[in-house]
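**Student:** Join the two chains, each given in its own frame, into one complex according to the hints.
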Amino acid sequence: NAGVTQTPKFQVLKTGQSMTLQCAQDMNHEYMSWYRQDPGMGLRLIHYSVGAGITDQGEVPNGYNVSRSTTEDFPLRLLSAAPSQTSVYFCASSFRFTGELFFGEGSRLTVL
Amino acid sequence: KQEVTQIPAALSVPEGENLVLNCSFTDSAIYNLQWFRQDPGKGLTSLLLIQSSQREQTSGRLNASLDKSSGRSTLYIAASQPGDSATYLCAGAENTGFQKLVFGTGTRLLVSP
Chain A
1 NAGVTQTPKF QVLKTGQSMT LQCAQDMNHE YMSWYRQDPG MGLRLIHYSV
51 GAGITDQGEV PNGYNVSRST TEDFPLRLLS AAPSQTSVYF CASSFRFTGE
101 LFFGEGSRLT VL
Chain B
1001 KQEVTQIPAA LSVPEGENLV LNCSFTDSAI YNLQWFRQDP GKGLTSLLLI
1051 QSSQREQTSG RLNASLDKSS GRSTLYIAAS QPGDSATYLC AGAENTGFQK
1101 LVFGTGTRLL VSP
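Residue numbers (this note's numbering), protein chains in the order written: chain A, 1 to 112; chain B, 1001 to 1113.
Since the hints were derived computationally from the structure, they do not count as laboratory data.
Ideal Cβ positions, reconstructed from N, Cα and C, are used throughout, including at glycine.
Check before you lean on any hint, since a few could be wrong.
As the list claims (entries may be wrong) - Every beta carbon over 12 Å from chain A, so not counted as near; a handful from chain B, in silico:
{"#": "1", "residue": "Ala1029"}
{"#": "2", "residue": "Gly1071"}
{"#": "3", "residue": "Pro1082"}
Unchecked claim - Quick partial rundown of chain B residues pointing at chain A, CB under 7 Å, derived from the structure:
{"#": "4", "residue": "Ser1028"}
{"#": "5", "residue": "Asn1032"}
{"#": "6", "residue": "Gly1043"}
{"#": "7", "residue": "Leu1044"}
{"#": "8", "residue": "Ser1046"}
{"#": "9", "residue": "Leu1049"}
{"#": "10", "residue": "Tyr1076"}
{"#": "11", "residue": "Gln1099"}
{"#": "12", "residue": "Lys1100"}
Looking at chain B on its own, in the form it has when it is part of the complex (with noise of 0.2 Å):
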């Protein structure tokens, strides 16, 4: 059964820094993987989606690599803004195909000015 985990749960920046979000998986074989963004009070938005097949994708100031040898996927946001702030969640599919996802519990990040 796949386990998803995320470290650390709360993360402070100040405004302009790079940083990484980490996203652990315990199944190799997993089917994609997905990182979401939540706003408090809201639903979630979709960032990035990794297939299988993929080793990372970009969008804008956002980068998603997945490595399924060490089951990690990392979220590297270059040049923070204080609208970056949110909890960032990943999610695994697993194997047997995208149906059912399983997600991390969040890293909540704060970037200030």
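Same shape as in the complex, but just chain A (with noise of 0.2 Å):
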């Protein structure tokens, strides 16, 4: 069983490039989400979806989008790579009546 699986697990960018970071789940979850971790910020939400082709902004979503085609996968786009969107980024989904999240490995980023 995979559950959440995010690739790649290492990735380094420059300054206006622009990348997707790939989130998976095998668990028929509906509803997904991506994170973003910062050294003394916690977890914020950047953007979510609550079904296929339904999608909605977080707490920090500029510079990211999101597109939700099948239930299965929910990628985040990075469209022009900035230093501030250095971090280490997880995809979580859950069950929608429990609410219980199920996060990835994370994505580690790196923007020269």
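**Tutor:** Here it is as structure tokens:
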């Protein structure tokens, strides 16, 4: 049972480059979300989705895009990377009626 | 807007000790509260989930309580072991639903043999 799978685990970008962080879950969860974790600031919600075709913004959405074309996948796109986007990114999913979150292992992004 | 605070930021105890981790939140109309464990360089693992209608949940040596009126949750770890060493985070879901979790910054626990 794979759970929540994130790729890549590590990535280094130059300022202005774009990239996509991939997230897939095999638990048939309706809800998926992206968080970023920064030292001293805890995890902050970037975007979330309550089902295929439905997305919404979280606390820190600027500079990021998401889409949800299938139940399983929820990619996070960085449009034009900035050093402030250096962080560890976590994807999470949950079954709607419990709300218990399951996290991926994280993607560590460095923007130079 | 929900705010979540965890004190202390770090805690060091000898093996076998019972301990309590604290979590405070500002909005008593909380949807649910979750406790997570995070090992260095790893993702978060859900430990306990307390729905707004519940007062506590138990799993093995772990017990979490929720007091909405005082804006507090506690995680009790009985008979601590070196394997319990990790960062423990609590997260409260805003009253609009479970979708938006607000995380505390965590308590880093070290259990010495």
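**Student:** Now look at each hint and say whether the structure bears it out.
**Tutor:** Now for the hints, and whether the structure bears them out:
1. Ala1029: holds (15 Å)
2. Gly1071: holds (17 Å)
3. Pro1082: holds (23 Å)
4. Ser1028: At about 18 Å, which exceeds the 7 Å cut-off, the nearest Cβ of chain A leaves the hint on Ser1028 (chain B) violated.
5. Asn1032: holds (5 Å)
6. Gly1043: With Cβ-Cβ at 4 Å, under 7 Å, it holds.
7. Leu1044: holds (4 Å)
8. Ser1046: This hint holds: Ser1046 (chain B) lies near chain A, its Cβ roughly 5 Å from the closest one there, short of 7 Å.
9. Leu1049: holds (5 Å)
10. Tyr1076: Hint violated; Tyr1076 (chain B) Cβ to chain A Cβ min 20 Å, cut 7 Å.
11. Gln1099: holds (5 Å)
12. Lys1100: holds (6 Å)
Hints 4, 10 from the list above are not met by this structure, while the remaining hints are.
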